[in-house]
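A.B. asks: Produce the entire structure from the sequences given, and follow the hints as far as they go.
Residue 130 in this note's numbering sits at position 130 of the sequence shown, with consecutive numbering throughout.
Rather than coming from a laboratory, the hints here were simulated on the basis of the structure.
There's no promise every hint is true.
Straight-line distance between alpha carbons at most 25 Å, and here's what the computed DSS-like set of lysine-lysine pairs gives [claimed, not checked]:
no.: 1; residue 1: K214; residue 2: K364
no.: 2; residue 1: K364; residue 2: K259
no.: 3; residue 1: K117; residue 2: K259
no.: 4; residue 1: K148; residue 2: K364
no.: 5; residue 1: K356; residue 2: K249
Restraint-style ranges between C-beta atoms, simulated for each label pair [claimed, not checked]:
no.: 6; residue 1: Q279; residue 2: G334; range: 27 to 37 Å
no.: 7; residue 1: T319; residue 2: T42; range: 47 to 57 Å
no.: 8; residue 1: N359; residue 2: A204; range: 52 to 62 Å
no.: 9; residue 1: A211; residue 2: D331; range: 16 to 26 Å
no.: 10; residue 1: D315; residue 2: L199; range: 19 to 29 Å
no.: 11; residue 1: R328; residue 2: A211; range: 52 to 62 Å
no.: 12; residue 1: A302; residue 2: R328; range: 44 to 54 Å
no.: 13; residue 1: M104; residue 2: D188; range: 43 to 53 Å
Just so it is clear, CB atoms sit at the ideal spot from N, CA and C, and this is done for glycine as well.
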Amino acid sequence: MTTGNDAPRLYPAGDLDQAIPPGDTLRELLDERNMTQRDLATRLDMSPKHVNQLIQGLVPLSSDMAHRLELVTGTPARLWNRLEAEYRTALIRLRPGLHTSEYMEWLQNQPVRELIKRGVLPDGKVDDHSRIEQLLAFFAVANLEAWKELYGAPAVAFRKSTTLSSKAHALPAWLRMGELQAEEVVCDAYDARGLRRSLTELRALTLRDPAVFKDQIQEICARCGVAVVFVDEIQGCRASGATLHRGAKKIIILSSRYKTDDHFWFTLFHEIGHVLNHQEEKVRIDVEGAQEKDAKELEADAFASELLIPRDYVDELRTLKSKVDVVRFADKIGIAPGIVVARLQRDPQFPSWDWKDGNGLKRKIEFSKGT
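C.D. replies: Rendered as structure tokens:
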């Protein structure tokens, strides 16, 4: 919110139990002005990466940056400098609490190298306590207890649900990268009816080139209040997709874990099924290889299967004997051939299809790494 003179609300870092970066004030200002971080970076003549790290409190807000922010936002440089000074003072005050063995163990388990490689954390040698501060800022939490509540609990539940080995801290980092990407997606208000009406339009994109359909998926879903983002998995994460409910915004994160179009489209529609039918859950993480699927997972699977290849075509699926048959059938129902192949391979109703049959009809999909 703004004050009567339209100045942004300031978040001083003077509270006893937390350090609040100037980026919190800047983030709210962007929301009020309907600006993205990329828009701000252009106006500041700075890289989007630097602006993102500034908002998270990962890099200092310099005097030069305060001056640029004054020119762009109208908020005096002295106020930005004050917020930065209070934030750094608060970090020093709170630093003794970061000496505990629990924090050090937490740091050792974080995928720091991968986060640096993707530009999420600043590069360069820093001491352990500074790196812990950076990680807390990255996750936007005041302390380890808050991290456990928001990210630790979903990670534990995820690991219990799968037979695949999973590094405990890779998943939370992947989820957070998705959240940060979603902040940059401008969405209309959530519209469940609009999303259902858009399913046919989304399904038709299975025929398009992967280089094209990513942007189109985002545009269609954003109109319905859903931010779809693409984040390559962090080693050990194992998640193929996730659905998050963050305030008014619905978020779908896709990992391209299996790097083929059949997996990609099934996962997308599976996650849309969660958005439409399971709004009471704030976090839903999906992985192939789960030991047991609960009723909601089975419902989302059925939703995706029915949308991609409706049950009315099951009898005709049984007649497909070759790749030529598959291509002809896929063309008839308006879907990518690789999706048909995957259904024949996985569904026990079609035992004549081997796991390797028709794999050449599947198209490769890979996202660029980063946030």
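A.B. asks: Please write out, lowest number first, the hints stated earlier that are contradicted by the structure.
C.D. replies: 4, 5, 8, 11 and 12
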